[in-house]
Structure formats: structure tokens, C-alpha cells
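Enquirer: Residue numbers (the working numbering), protein chains in the order written: chain A, 732 to 1175; chain B, 190 to 505.
No lab work stands behind these hints: they were computed from the structure. Accuracy of the hints is not assured; some may be wrong.
What the hints assert, rightly or not - Incomplete in silico selection of chain B near chain A, CB under 7 Å: (1) G228; (2) F311; (3) A354.
Please read all numbers here as calculations on a predicted model, not as lab measurements. Don't be surprised by glycine CBs; every beta carbon is placed ideally from N, CA and C.
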Amino acid sequence: MPRPTTQHELERYAGLFAARTRVMTSSAMRDMMAVTARPEVISLAGGNPDLSTFPPGAFTAAMQRIGAEQLTTALQYGPTEGLAPVKACVAEVMAAEGMRVHDDDLLITTGGQQVIDLMCKTLIDPGDVVIAEAPTYPGAVPTFSTYEADVVQVELDDDGMRIDELEAVLARLDAEGRKPKFVYTVPTFQNPAGVTMSLQRRRRLVQIARERELLVLEDNPYGLLRYEGEPLPTLRSLDGGEYVVYLGTFSKILSAGLRLGWVAAPRPVLAKMNLGKQASDLCSSSLTQHFVAGFFAEGDWRRYVADLVGMYRRRRDTMLAALEEHLPPEATWTRPQGGLFVWATLPDYVDTTDLLALALRENVAFVPGRAAFLDGRGGTSMRLNFSGADEAAIREGVRRIGTVVGEQVALYSTLTGRPTRPARDPVAEPTAVVQLRRGGRRSA
Amino acid sequence: MSSRVAVLKGGRSLERGVSLSSAARVEDALERLGHDVIGVDVGVDLVARLRDTRPDAAFIALHGADGEDGTLQELLELVDIPYTGSGPGACARCWDKVVAKRALWDADVPTPAFHAFTQAAFRDLGAAEALSELDARLGFPLVVKPARGGSSLGIQQAATPDDVASALVAAFAYDTRVLLERHVDGRDLAVSVLDGQALPVIEAVPVGNGGYDFEARYEIGRTAFVCPADLPTEVAQHAQALALAAWKALGCRGFARVDLMQDAASGELLVLEANAVPGLTDTSLLPQAADAAGIAFDVLVGRLVELADVSRVAAR
């Protein structure tokens, strides 16, 4: 048999790839992120929930019940829309955030990620405009790219997406005769920035959506993980579910390995998403759906979330204190009231993609800011996760990052002859952690 | 002749993915050639694994410092296992662009003008004061590169003197020594060399609109490769001759890839660097060049293993 030559092999496959795979390219940054999985690396890069306190007894009890009573359905295909008992759990979780939802408005999905995929699959033709935050969830970037969306990113500040800028963008698109298909936002404890959209901006965004008949995809994985301050109404509860498509997930409140999320959407949109899901995977895992239903019936999921909130609050405080101690005075970072992430921005001559190479030598990892943009911005920022590492690891990880940042700052100062600013005086300047408002702990 | 070949791959470098991809193809080819293949993901147990499995030869498909700086080659000599590609000296020379360019310079192989600095020079010797000379010496734009490193990471263009400091900060993230090189605007060429024979020239051409920008050259998917390059015969031959001169100056054996630029303004050919452990993935340049020369991938792989044996015999 003649052996295929390399050129033939190349052509054989290259000729088969869809045009949209052009955008699915490898990048140096992704190559580097592959290295962060090494066990000796303190990873502040992921978005992993801590599972060390997951009650093993509750897990075993739920699985035993499935084994004894529900085996044939748990191991069988299920309806595309999801199992009714899981929808009841979803309704319970949404009620905890002040939302009411009807079974027929829900589709159980394979993680929240599938909702972003189905949203694009349902709404996006190549070149269609999606509006996202700047920075946006790094995991949404490849999804938007795959569907060849034209993503316009709108700046955010401490109060979330800048609605004035959104309006400017919409006006500009109007002038170009282009109508965006949807606005993608993580309004509460944003990934990656950690900031939360103010109530005023939420109201305005919902109003704009209504006026313009524009869909909003509200991605809310962390809403119940609030460490201080009063909860704000979700966009969906402000809108009543007419223009807001709501994404929820069990990943952060229960377990990411279940791969279960959901979408609550206007019914015509949901019907299309259902068809899209059929084509993708027919249905989400029946086994893990049974597990969720069993866990909700037997275990106290609110108690589990309350435990997570306590743990993550301590970890957040540890990270903020460590940043205060170890980052140079020129650096800034967000102070999230909940969620999993801090977004830190370094002096403009530091490139966090390059910094990651240096950090990996010190066995610590973070997500370089560029991952959260589609236009090459974000080079001086980084996303730091505080849910997936314990307090000692967070302290040590931030210390190591501070060391490599310090090296780069000192080098730049040497190169330019500009002295770096003296280190902060911790006594004269109260730390951010002290300034943070305490209390307001949400009883879940 | 069939033999037991250990394919050394993976490792801890930033190019782990490329390495695993190269190795997978090499392993398939070796199996088709009837060799007994042992895949070894290189780690602390490397020597123990080599002792246990006693391969007749090692195929080095390890990129980054682990496989390319000569350390692994040194080790294989010590445990007396023939290996593919260049020896420790040539690897060390190719791995460090500053060392390589000095060797090229000394052998009268044209390479873009450059200056190298260590981080210590800035810290201890006040080298920053000398940066103002760069405009007169190299002109702008110039390219800042870490001395060592096989990927595009840390390579930046400085368009003006104001950009130099941040480009240096970036490059120093990857190495303690960096070079500042005259930017050559022109065609991007590569010549692979197999056992002292230059293979057809490949040209890297940017894909899509946006023209030829600096980033495109280093971003996978934004570059297409034309093989053989559409060049006048005498230019192609000259590029091949320069690649062989570089191969010789650096002391390579087995195989290597030499990267060149043809200056758009002067037409001059310049050698940028040589890679002693070139990639063997399905988009890598050396397999494409070999294919253009009528050497199928399996034949190429078989040949490299044979050469590993030969070089050992020659060394004795």
C-alpha cells in the first residue's frame, strides 16, 4: 500500500476543514496554559470550585438511591429539555435569587458553557454582532470565534458594563445599519473582572433591551456566592424574562464535574435552542441529573453553599491582603463582593503573557488578560482565582507573582532611569481589606 | 534493519504540545518501518527508563530547552545511546541565538546586525546608557528577542526608541540574555538541511488581508507556506548555499532548519538562526521540504535513525 506523504496528509485534512476553523488557531498563550496543569504549579488560573468540603455521605446516599430505585432511567437517554425533578431544583435555586420560573421556560444543559454555544448557534450568522464586556469571560471567546461573531466589547468599571458606552456603541452600529443579536454579560461578580453591575445600570440595560428588542444573555454562575453587601435583582427578574435569556449552572454551587447548567429563555428562543441541543448531544447526562435531584432531596444544598461562601470569603480576603503586600504601588486590582476572581492591572510596560512565562518558572500561574479580549487588548491585566487554592497557597502564589512583577518593575526602572515609587507605608495607608465593608452576609 | 527506538518527547517546556505532536507522527512512522518503538515522556525517570528499556537509538522529538540546548544529547552520550540530530556542541550553539549569530559572523555567513545584553549588564554595568547608540548602530524598527527559546514568545518589535524598554522587559521574561537585531523587511525563507544536503526553500507568506505584519509571522494559522518557494533559481541556490554554510559553521549533523530573510530593499539574503531540533508536526517545515524533495515522511524518519548510528560510528 502506498504510504501517504506529508504533503498528501496535509492536503487530505486541510481540504476538509470548514472555513470557520480558520479562527480556531493555536496560540503561544494556550501553549503556556497547558503547562499550568503541572502538579507543582500553584494555579490561580482556573475557575475551579473547591470540592474538599463536599459531603461524601450525601454523595454516597444519592448514588445509592439511584442504584436502588432509578437505575434504568438514570442510565437511559432523557428528554432534551431535562428531567422534571431537576427543573424543580433549578426553580429552587432561581427562587433563592428572587426569580420565578416555569418548567416550560427551562432547558437543562451540559454546563453553562453549552448555553453560550446554543445562544450563538441559534442567533449568530457569520459577521453578526455580539456585544460583550471588556474584559469578557475567556471561555466565551472561542465560542464567539467559532461562530464567527463580530464581537464588540464595551468597557466596564467598578459598577459593571458602562451603559453610556453601550449606548454609544449601539448608536454607532445603527449608523452602520447593523443590529446586534445579543448583549452578553456576567452582571454579578463578573468573570474575569469581579465587578458587579449597579442596580441603576441593570435597570437601564433592561430598558434598552426592551426599547430596541435586543436580547441580553445574563450569565449568572456566581450570584449565590456573595461575601458582602446586599444582593441585587438579576436582569431577568427586572425584565420578567422577555428579552433576558438567563444562564445558570450547578458548577459553582454544587460541582463542575456534573456538567449541568440551564437556560431560562423566551419560549420561541428556547424552542430553537432545544433543537440546537438535540443536534449537539440529544440530552444532558441523565445520571448526573438524577444525582442533583437526589442531592437536593436528601442534602441541604443551601447549607453547602453557605459553607462555600464562608470559605471563599476568607480566600478572597487572603488574596486581597496578599496583593496589597506583594504588588507594586503602580498596580491596581478589583475588590469583588463575591464570585471567584480578582482582576489585577499592572504598569503598562508589563505584558502579562510574558509575565506568565516568568511566573511559571516560579511555579505559579494566572490567566493573562489578553484571553478576555478578542481584539488583543488586556495585555497588562491578569485574572486571579481565589476559589481553587487554599489560603496558604494563595498567599504563596501571590507572593511569587509579586516577586516576578517586582523584577520587571525594577528592570524597567533601570532601563529608563526612572525610579520606581517607594513601597507603600502600610501604617500610613489603610489597606483595601480594612476599607472593605463587612457584614451583609447573605443567608442562603 | 529493525531496532528498538526510544522516542523522547514531552518534557516540561512551553513547547510540550509541539513535541508530543511531532513525536506521535514519528512513532507511527517508526512502527510502519518495523521498529520497536518506546515512547518516553521525558522526566526525572529518564535515565532509569533508558537503562530499563535499552534502546538501540533515541529519536529526539523534544523541543524547548530540555531537548535543544545540548543537555539531553550530552546525557545520551554518557549512557552510550545513539541519537538523532546534532551533538551537544551544535545544539548549544543553535539554542542560543547570540552564540549562533557570533559563530555565523565569524564564519562570514551574513546575519542581521545585532547587539546582545544580559540583564546583569543593565543592573551592574549601566548598560541602559548605551541604548541611545542603537539608533545609529541598528536603526529603527528593531527586533528584540530572548537569546534562548524556540518559539515566538517574547519576540517583539520596537518601532521607536521609546518602545525599547518595554520590549526588553518582555524579552527578559524568557531569558537572562536578549539580543536587539536590525529589523529586516522582506521575504521570510527557511531551508531545511538533511545530512549535509539542502532541501528546497520554503517561503512563509501571510494569510488573509491585513498585509504582512510582524505578528503574523509568529502566529499559527496566519501564515501559509509555499514549497518550493517561488524564487529565481540563483536566489534559491544562494539561500541553500547559505543554509549549508550556517550548518557547517554551527557544526550540525543529521538534520536542521535554517531560517533566512531576503531583504526587500537590497535583495540580500541573511541567516536569522538555525534550529537543531526542528518540529516534525504535520504543519512543520522540514517534513514539507523533504516531501518537496521526494522524501516521504517515513523515509525521512528512517533516514534520521540511520544517521544516528552513523554519527556514532564516525565519532569513534
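Enquirer: Measuring from the C-beta of A354 (chain B) to each C-beta in chain A, is the shortest one below 7 Å?
Expert: holds, 4 Å
Enquirer: Taking the closest Cβ pair, is F311 (chain B) under 7 Å from chain A?
Expert: holds, 5 Å
Enquirer: Against chain A, run the beta carbon of G228 (chain B) and see if the smallest gap drops under 7 Å.
Expert: Because about 18 Å separates G228 (chain B) from the closest Cβ in chain A, which is outside the 7 Å limit, the hint is violated.
Hint 1 from the list above is the single one not met by this structure.
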